[in-house]
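Asker: Each protein sequence line maps, in turn, to chains A and B. Going left to right, the first sequence walks through residues 618 to 730 as the numbering used here numbers them. Going left to right, the second sequence walks through residues 239 to 354 as the numbering used here numbers them.
You can take every hint at face value.
The list that follows gives simulated cross-link-like pairs (lysine-lysine, DSSO-like), each with its CA atoms no further than 30 Å apart: (1) 309(B) / 256(B); (2) 295(B) / 308(B); (3) 654(A) / 251(B); (4) 309(B) / 654(A); (5) 241(B) / 654(A).
Facing chain B, according to a computed beta carbon distance under 8 Å, are these residues of chain A, among others: (6) 651; (7) 658; (8) 659; (9) 660; (10) 661; (11) 666; (12) 706; (13) 710; (14) 716; (15) 717; (16) 718; (17) 720; (18) 721; (19) 722.
Pairwise CB distance ranges, derived in the manner of DEER restraints: (20) 245(B) / 657(A): 16 to 22 Å; (21) 669(A) / 307(B): 35 to 41 Å; (22) 278(B) / 644(A): 21 to 27 Å.
Just so you know, the hints here were simulated from the structure itself, not pulled from any lab data. Positions of the beta carbon are idealized from the N, C-alpha and C atoms, including for glycine.
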Amino acid sequence: DQQVKQNSPSLSVQEGRISILNCDYTNSMFDYFLWYKKYPAEGPTFLISISSIKDKNEDGRFTVFLNKSAKHLSLHIVPSQPGDSAVYFCAAPWAGSNYKLTFGKGTLLTVNP
Amino acid sequence: DVKVTQSSRYLVKRTGEKVFLECVQDMDHENMFWYRQDPGLGLRLIYFSYDVKMKEKGDIPEGYSVSREKKERFSLILESASTNQTSMYLCASSGLWTGRLTDTQYFGPGTRLTVL
Chain A
618 DQQVKQNSPS LSVQEGRISI LNCDYTNSMF DYFLWYKKYP AEGPTFLISI
668 SSIKDKNEDG RFTVFLNKSA KHLSLHIVPS QPGDSAVYFC AAPWAGSNYK
718 LTFGKGTLLT VNP
Chain B
239 DVKVTQSSRY LVKRTGEKVF LECVQDMDHE NMFWYRQDPG LGLRLIYFSY
289 DVKMKEKGDI PEGYSVSREK KERFSLILES ASTNQTSMYL CASSGLWTGR
339 LTDTQYFGPG TRLTVL
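Bound conformation, chain A alone:
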């Protein structure tokens, strides 16, 4: 049973526009969420995170929003740039785990010049 879901396998946006990547989760015990970015033939790199006590966290062009009642989070990239083209994974630590993360299946973002 996948506890973190990214239902859009791909997203295509124009350079300069907003990219919105979505993630849903089922376990209300998650208290922390992370986004990773992955280029082909490279390992994922940490992008931004949010604690469940917040509803928003911003870092430059990247903002993550958390809606706990809907069990939904989203990553906004404004403005989108061609270098943002990558696969984006959302993840959450397993409750009570030793720092294991459960990942969504990822969304491939393509930013067109």
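Following the hints, complete the assembly by docking chain B onto the known chain A.
Answerer: For chain B alone, kept in the frame of chain A given last:
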């Protein structure tokens, strides 16, 4: 900067061969992880280790084993490689989880393994 290195970027092996994938981290992290990434399936945890000589199974441990004899090194072993183990293998490490927003796993560059 945290550095996680993997022994090979690309590897081609034959069915039935024993395959070793090595991972080394330089940040004295307690936790180390092995994942595989396949199209449409995301990142799936194979095994992880929270201390030297300690290991726990992840979601898909079948056909794999691991070894952690030193804190900085975590090896993934395919006892008898099969074609369905063709995949991208990613190693990661992390320190103790403190609940801070900087807690994260750090990934290596990956090994693209092809089993013929």
